[in-house]
Every structure is written in C-alpha cells, then in structure tokens.
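Protein sequences appear in the order of chains Y and E. Just so you know, we're using our numbering here: the first sequence kicks off at 4 and counts up by one. Just so you know, we're using our numbering here: the second sequence kicks off at 4 and counts up by one.
Since the hints were derived computationally from the structure, they do not count as laboratory data. As the structure is a prediction and not an experimental result, all values here were calculated from the model. You can trust all of the hints, since none of them are fake.
Quick look at which bits of chain E chain Y covers, simulated, 3 or more residues with Cβ under 8 Å:
1) 91-99
2) 207-214
3) 226-236
4) 262-269
In silico BS3-like cross-links for lysine-lysine, where the CA-CA straight-line distance does not exceed 30 Å:
5) K190(E) <-> K158(E)
6) K293(Y) <-> K190(E)
7) K284(E) <-> K190(Y)
8) K293(E) <-> K258(Y)
Cβ coordinates follow ideal geometry from the N, Cα and C atoms, glycine included.
Now for the letters of each chain:
2 protein chains.
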Amino acid sequence: MAQLVIAGSLALDTVKTPFGQATEALGGAATYSSFAASFFAKPSIVGVVGIDFPRQSLQLLQQRGIDTEGVEISSNGKTFRWEGYYEYDMNEAKTVKTELGVFADFKPKLPESYKDAEYVFLANIDPQLQLQVLEQVKKPRLTLLDTMNYWIQNKKQQLLNVIKKVDILLLNDSEARQLFGTPSLVKAAGAALKLGPKYVIIKKGEHGALLFSDGSHFSAPSYPLEAIKDPTGCGDSFAGALIGYMASKNSDSEKDLRKGIIYGSVIASFNAEDFSLERMKRLSAEEIEKRYKEFERIREF
Amino acid sequence: MAQLVIAGSLALDTVKTPFGQATEALGGAATYSSFAASFFAKPSIVGVVGIDFPRQSLQLLQQRGIDTEGVEISSNGKTFRWEGYYEYDMNEAKTVKTELGVFADFKPKLPESYKDAEYVFLANIDPQLQLQVLEQVKKPRLTLLDTMNYWIQNKKQQLLNVIKKVDILLLNDSEARQLFGTPSLVKAAGAALKLGPKYVIIKKGEHGALLFSDGSHFSAPSYPLEAIKDPTGCGDSFAGALIGYMASKNSDSEKDLRKGIIYGSVIASFNAEDFSLERMKRLSAEEIEKRYKEFERIREF
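Next comes chain Y alone, as it looks inside the complex (with noise of 0.2 Å):
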C-alpha cells in the first residue's frame, strides 16, 4: 500500500436538512475524505484547527488508522466553522455562514514522514494552500484536486495554476460549467484536460459521475437512494475514497480510476444516509462490498 497525503480542511459544521439537523458536527474536507480513503487505505492528512476542536475527533480519526502528525492544533483562533443547509432538492448546500477562523492565517508545513507521499488529494481549501502543499511533496505518483465555486470566483488565477500541476480534476458539473464558460460538460472536460490534467471526473450529485481523459470516456451509474438525510461530505467522501482506492492497489490506470469512482460512488452513497461522519462510522467492509456489486448490476445490459 503506498502512502497517501490528504490536504483540506477539519471543521465544526451546523446543517439542517428537511431530514434533521446538527450542530457543530465532525465535518471538512479533509475529514470526509480521509475518513472515506480509510476503509482502504492509511491516509495521512494536513490542516489547522483551533484548540476549540474536540480531542475525541481526533481520536476519531487516529482510531482508524489516520495519521493526524501533520494537523497544527493553533492556538492562534478558531476552528473553521461552516453553517448550511439543504432544501428539498438536495443537490445543492446553500451556505449560511463560514468562519474561517485558524484556517485564514494557515501555512501548511509537512511533516518529513509526509513528503515521500506517492498518492495525493488537495481537498477543497484555497488553491494557494493546495499549491503549498503539493510544492512539499517530492516525487507524487498521482495527484487529485478538488475544489469549489468559491474559489472559481475569487481565486480562479490561482486555481488554474494548481490544475495545471495535477494529474486529475475533480469538479462537479455547475463547477464545470462555470470554470470554463460552457453548459456542455464535454467542451469542459476538453478545456480542462488542455490545461494538464491527465483525467478530469465531473461529479454529478444523483446523477452519477462521467471520467474524462484523452480519447476515452467512462460514466458511473447513480444509486438509487431513497433515504438521503444529508448530503454534506458526498463529495469529500468520494475523493477520499478514489485516491484512496488507488493509494492501496499502488495504480494510476484507468481501468482502477474507474473501479474508484465507482467506490468512491459507493462511499459518498452510504455518507448521505446520516448525519456528519455517523454512517461512515458504522460501515463495514461488507456493505461496502455489497453496494459495488449492486452498482456492477444496475449498469448491466
């Protein structure tokens, strides 16, 4: 299993969904995801958090085999916090507040154990920070960005400048259509690939997720859930799970990108079946194993 660095950030999230609510919940990218990557690989990962954040979460993390060397606790502020919520559609998170707090004066540094990383996912934070982190790494065999509307809007410079030093770009479609000026997801998928990335993956929500690359094309099935409490951290977990998928099979094709997108698949579907972290918490590795094979019947003809 080769090793495998997560960037991104570890938060208090309050959400409300016609489903429930919590408040101040496990939440973040970097959480999600390599909580996510866990059930298949020993991520290690990179954030702030302020010293507000609760010592059991990080326990949380430890427990399953996550390396938390490289999380600052500062005393310097906050832990990031964001605040959402989700109508009936619940494709689309709409944001009450974000509070940066320990996150806006962060400096990634990387522990000596990380930087030998062959395996790693930039989750969604500011692009100057992705840039940071993936400058420590020194000889990455497969790199997956993702980020977020956020960030196409007042950093897009930035952001392009890390797309074109990864290997994949993870976007989801309304991302797509906004960073390249286009409704059609194939003229997208075609500009970014031009940048440099080797593979772009366009999330979809429900709808599934189509993989680009040069010449090929792949589209994974949704599943049909017909329980979603909330969705925050889909997205998170499927990368999580992909790059992690990857991390453990020690591959950069694509025919195991595709089986990855398809856990990833598998994992995001299960994330939106509770609150926070709490599904992910009691998954095992036989639901997992279960849900693919119901994914390899569902696209069968």
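For this one, chain Y is given, so just place chain E on it according to the hints.
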C-alpha cells in the same frame, strides 16, 4: 417480428437553437418515434395531418417501411404546428407557439389491420386520445406511454387513467417530479409503479436514463455528445427505438428492455446531431451498432 402500432402527432416544427434553425420542418412524436422504430421493426402509425402536410414527408415514412394507413388526411384544418427554441443549456425546449390544427377534433380510428398489434407506443398526445387508441387494440402484449408537462398540468386525471392501463410509463425527470410531487426520482418511480405499470423509465437528457421495476433498477449511461445541434424529437426517438427493439425481439423481458433503452439512447444521440429527421435519414445500421458498442465501453468498470 411482432406488430407495432405508434400513435402520436405528425407536425411541422419551426425550431431555433444556438446552432441554427429549421422552418416548418418535419416533426411530431409519431414521426420521430416511428422513424426511429423503423431501424428495428415495421411500425404502423396513427395520427392526423392537414392537406397542407407535404406529400413527400408521408412518402419518406413509407419508404422506411412505415405503414401510414392509420394517418388520417383531414381537410378540416391545418397540420399540427410547433414553434420553439433552445438556449445554450439545451436540456429544455421553450415553446413559442403550439397550433393544434387538425388534432383539436381528432378521433383516432384504427384500421382493422392495426387492432391485432402486440406492441403499442402511445406517444405524446392528449391522454384521452391515447386511451381511445389503446381501447381499440385487442390484446396488446407490451404498451408504452409517453406524455409531457402540459397534460400533467391540464389533464392530470385523464393521464392517470391511461397510466393505470399501460405496462411502461415513460417520463422525463422534471415531469416525474411534477406528476408525483417529490424531488426524489426514486420516490416518484415508486409512486408510478403503485399505479399499475410494471416499469417506469425516467429520461434525464444528457444524464442518461433510469429504469425502475419492483425490486430492480437500471441506470443507462449518458453518451458524451460534443456537437448537439437540435434536441427536438430525442425523447420520441428514444421511445421509438426502444419499442421497435422490443417488437423485433418479440420480448417483454427486463433484460431486453435494458438493451432497448441503450438502443433508444443510441438513436436519440444521433438524432440530436442535426435538425428535424436529417441525421436519422442518413443513419446506417453499422453506425448504430458501433455506437451501441461505445455505450458498452463507457459503462465498463
């Protein structure tokens, strides 16, 4: 090959898209769907046109082996006309004008030879007309029903009455949400199945299509079309190819239905590449099989 009857509109369409326009071009649900079905079977169509309907358009259908005995040529008004346009997001047609013409007083009368049909496609027309057609077919084996938002809004009860009598209900995603009052396609499909149909197919445009039956689910991949010129008639072509394939196989099995959905997606993807029926007119069996194989590759993991 089993007998197939298709009822629906024959129309003259005036369409504008970001990539061009067509004026009074051949269109209509029965036209598109029977032409698509003719790649697999020999459909017979039921509908009405005015004396202004171009003679060569009927000949075009006849040359494809389509039986047009059931097309009434009425001197009591003009051919059905639709005028609409698409903006850059080509998922949704905007209607400028609909002129029912001869369809306003249409009383479908099936030729005797149609009444033994085993396969019936009730393409998008007034649900009362759909019911009148269905009641004239003695012992259909597999019946497919399409509709549109207009009938959901204006003739919901009549529509529900027909839905109860068919085997397969076909809807696009927004129609499914509208008819069953839920944002969840899974819940909408469940509600539809409770009304009577054995299968529900939800078309999602560029996101592919879903098939639901009691206890089973199929997710058809989308095809990455870079050059969409005009999506008019794609839903009709999808349905026509699907039911044509089922008739050619003399089957009502889910296994064949899944293949039929892929053939439907293949024909619809070609249809979008040009205005009116232009692309289908120059479509070959080899091209269809080649794209079918591409659909196999894009869902492989």
